[in-house]
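There are 2 protein chains.
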Amino acid sequence: VRPSELISGVLAGDRRAIARSITLLEDGDSAGWDVVRGLHSHTGHAFTIGLTGPPGVGKSTLVGGLIAQARESDQDVAVLSVDPSSPFTRGAVLGDRIRLSDHILDARVYMRSMATRGHLGGLSEATSLAMMVLDAAGKDVILLETVGTGQTEVEVAALADTVVLVLMPGSGDAVQALKAGIMEIPDIIVVNKREHPQARVLAKDLRSVLALDRERRGEVPILLTQAPTGEGVAELWTSIGTHRRKTEARGGVSIRRQAQVRTQITRAVMAHLAGQFEDALMTDACVQGVLVAVQNRELDPVTAVERIIHDVFGLGLEDASAVLTRRAATADGQ
Amino acid sequence: VRPSELISGVLAGDRRAIARSITLLEDGDSAGWDVVRGLHSHTGHAFTIGLTGPPGVGKSTLVGGLIAQARESDQDVAVLSVDPSSPFTRGAVLGDRIRLSDHILDARVYMRSMATRGHLGGLSEATSLAMMVLDAAGKDVILLETVGTGQTEVEVAALADTVVLVLMPGSGDAVQALKAGIMEIPDIIVVNKREHPQARVLAKDLRSVLALDRERRGEVPILLTQAPTGEGVAELWTSIGTHRRKTEARGGVSIRRQAQVRTQITRAVMAHLAGQFEDALMTDACVQGVLVAVQNRELDPVTAVERIIHDVFGLGLEDASAVLTRRAATADGQ
Chain A
36 VRPSELISGV LAGDRRAIAR SITLLEDGDS AGWDVVRGLH SHTGHAFTIG LTGPPGVGKS
96 TLVGGLIAQA RESDQDVAVL SVDPSSPFTR GAVLGDRIRL SDHILDARVY MRSMATRGHL
156 GGLSEATSLA MMVLDAAGKD VILLETVGTG QTEVEVAALA DTVVLVLMPG SGDAVQALKA
216 GIMEIPDIIV VNKREHPQAR VLAKDLRSVL ALDRERRGEV PILLTQAPTG EGVAELWTSI
276 GTHRRKTEAR GGVSIRRQAQ VRTQITRAVM AHLAGQFEDA LMTDACVQGV LVAVQNRELD
336 PVTAVERIIH DVFGLGLEDA SAVLTRRAAT ADGQ
Chain B
36 VRPSELISGV LAGDRRAIAR SITLLEDGDS AGWDVVRGLH SHTGHAFTIG LTGPPGVGKS
96 TLVGGLIAQA RESDQDVAVL SVDPSSPFTR GAVLGDRIRL SDHILDARVY MRSMATRGHL
156 GGLSEATSLA MMVLDAAGKD VILLETVGTG QTEVEVAALA DTVVLVLMPG SGDAVQALKA
216 GIMEIPDIIV VNKREHPQAR VLAKDLRSVL ALDRERRGEV PILLTQAPTG EGVAELWTSI
276 GTHRRKTEAR GGVSIRRQAQ VRTQITRAVM AHLAGQFEDA LMTDACVQGV LVAVQNRELD
336 PVTAVERIIH DVFGLGLEDA SAVLTRRAAT ADGQ
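If you're matching them up, the sequences are chains A and B in order. Heads up, the first sequence is in my numbering, so the first residue is 36 and it goes up one at a time. Heads up, the second sequence is in my numbering, so the first residue is 36 and it goes up one at a time.
Simulated from the structure, these hints should not be mistaken for laboratory data. Incorrect hints may appear among the rest.
Identical chains blur together in the list; that is why a pair holds if it fits in one copy or across any two.
Below, simulated DSS-like cross-link-like pairs (lysine-lysine); rule was C-alpha separation at most 27 Å, straight line [unchecked claim]:
id	residue 1	residue 2
1	Lys228	Lys239
2	Lys214	Lys281
3	Lys239	Lys281
4	Lys214	Lys228
Make the full structure from the sequences, and use the hints.
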C-alpha cells in the first residue's frame, strides 16, 4: 500500500488505513512518516484525554465508561492504549474485556494498542504521530491510556490536553511519588473502586498532598468512581469538559500545545539519533572496538564517547568541547 | 582546582577532592571528564550494591545498616543517593537521619547525594562516572540508593553489580509492576518492616510473582528485615555476598560489566547529543523558527525533525533516510 492511498484512506476514516498507518509508525518505517506529512494539514480538531496510573486500578474499565459518555454526545472516539497489561493484549480481567467489547462493533469507536521495538524515545514519538493519524481521521476524542507512573508513562500521558491520574486504595507508591514531586500533578485525579473502605481516606490523603502545591491548590478535582457500575463516570466526563473549557479560556491549550510540540520534536530528534547509534552499536567495527577497549579498561569512557561522537555523528572533538564549554558556562551562570 | 590536583586528591582518598570531582560531573563540566580520564586506570576494584524501591519503604535506614555491616568487615564504604526525598536533602524522617549520622564522623564512610540539571540521560551518566571516582578513591563497597520504580530509577540501579529491591506492605504498585513485566526482576528482594501484619503476605505474593519467571525461579532470595532495629540486615549482607560469589563463579560480573559499559556509553552519547540539541532549542534561530511553524501547523513534524537533524547535527536528509530504511529493513527481518 502506498502512502498516498493510506492518506486518502485515513481521511475517509477507513479503519484498515488507520491501522496500517499506525503500524508503520510503530515500526519507525519512513512510509509512515510520509503518511503523517500528508495528513498534517488535516489535524487540529481532536481533543485528547490521557489516563495514567498504576497497573490494576481499573483504567480500562474507566476508558469503557468514557467511550460511552463520548458516544452519548455523538462524538467519534479513538482509544490508544500503551499499557503492556492492557485488554488489547494480555493481563486484563474478564470484566474489562466485556466492558470494552460493548464498543467493538461501533464503527465510530477505534481501539488500538501501541508498542514499539524498544528504541529510545520511540514509544512517545510513535504515540504522538499516531494521535495525528486519528485526529486527521476525524476522531473528536482520543483517549490515551498508559500504565504505570514512571517517567515514560507520565511523558506519554503528557501528550494529552487533559491528564487524568487514576488511583485506588493501595496505590500508596503513587501517592508518595506525587508527594515527593517525582510525579507531576495531573489535571484531574480519580479514586476508582469507591466502595472500598479506604477510598475516602485515599481521597483525603490526596487533598493534603495537593494542598502542598500552592499554584494548583484547589484546582485539581478529586473524583470517586466505581467504573464497573459506571458510578461517577458521568461526573468525570463533566469534569474533563470543565477542564477543557477553563484551559481554552485561559489560552492554556495553546501554551500546552507549544510545550507538546517542543517535547514531541525533541523526542523525535533524539529517537532518530538513538536509532543511528543503535545501528552503529550493532554494525560499526569502530564502535564495537571502542566498547571492548572500555570493557577491558584499556580506554576510559569519556574518550570513548568522544570517539563515537566523532566517528558516528561526524562531529569533531572541537564541536563536542565547544558544546561542553557552553554547557558548563550556562551551568555556572545559574 | 586543576584536574590533575583533583586526580591525585581522589587517589589519596581526599574527601574534598572526591566531592569536587562529583560536583563537576553533576554539572557536565569537561574538567570532571578530565578527572575521570585520569582515574580510569585505577578503577575496577569496588563492588556496587544498588538499592531501589518506592519512596518511604525505609531504604535509607537499610543503607545505614549495610554501612555498619561493611565497616564490621573493615571495608571502606561510599553511599551515592539519587533519591529526591533522601536524608541528604529533604523529606526523610528523623530516624533515618540519626541512623546515617552514626557514620558521618567515620573517615572511611563517604556519603553523597546526586543531582543533575535535568538534561536527558544526564543523571545515570553522572552517577556512573561518580561511581568511577569512588572506585578510584579506594572504596571497597559503593551503595547506590535510588528512589522509585520508574524507568530512570531502575536504569540507575542497574549500574550496580547486585540490585536489591526494597518493598514494604503497601507497595502494591511495585508488585503489580513486577508482575506486568514493567519492572526488571532484581537480584534480591527485601520486605522491610517485617513486624507489619501484612509483611508475610507480601513475601508470599512476591514468591508467586517470581514463580512466573522460569529462568529466575527460586534464584531470587526474599528477605524480611526490620531496618530500624537491624533485624535481618546481617542476613541481607550475607545474601549480597552470596550473590556476588555466585555471579563471579559464573562469569556473571563480566557479562553484566559488558552490558553496563554498553549502557553507560550509549547514555553518555545520547546525553551529549541531547545537550547539543537543548542548546540549539534555546539559541538557534532556525530551530526556533521550525518549532513555531509546527505549532502553527504550517509545517509537519516529520519534515521539522529532518530539518533539525540536518541543520543542528549536520546530517544530510539522505543520511536520515538511509538510517530509516535500514531500520525498517531490520524491523521487517524480525
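Outcome of the hint check:
1. Lys228 <-> Lys239: both (15 Å within a copy, 25 Å between copies)
2. Lys214 <-> Lys281: Only inside one copy: lysine 214 and lysine 281 sit 25 Å apart there, 39 Å across copies, limit 27 Å.
3. Lys239 <-> Lys281: So lysine 239 and lysine 281 pass the 27 Å test inside one copy only (25 Å; across, 48 Å).
4. Lys214 <-> Lys228: So lysine 214 and lysine 228 pass the 27 Å test inside a copy (22 Å) and across (21 Å) alike.
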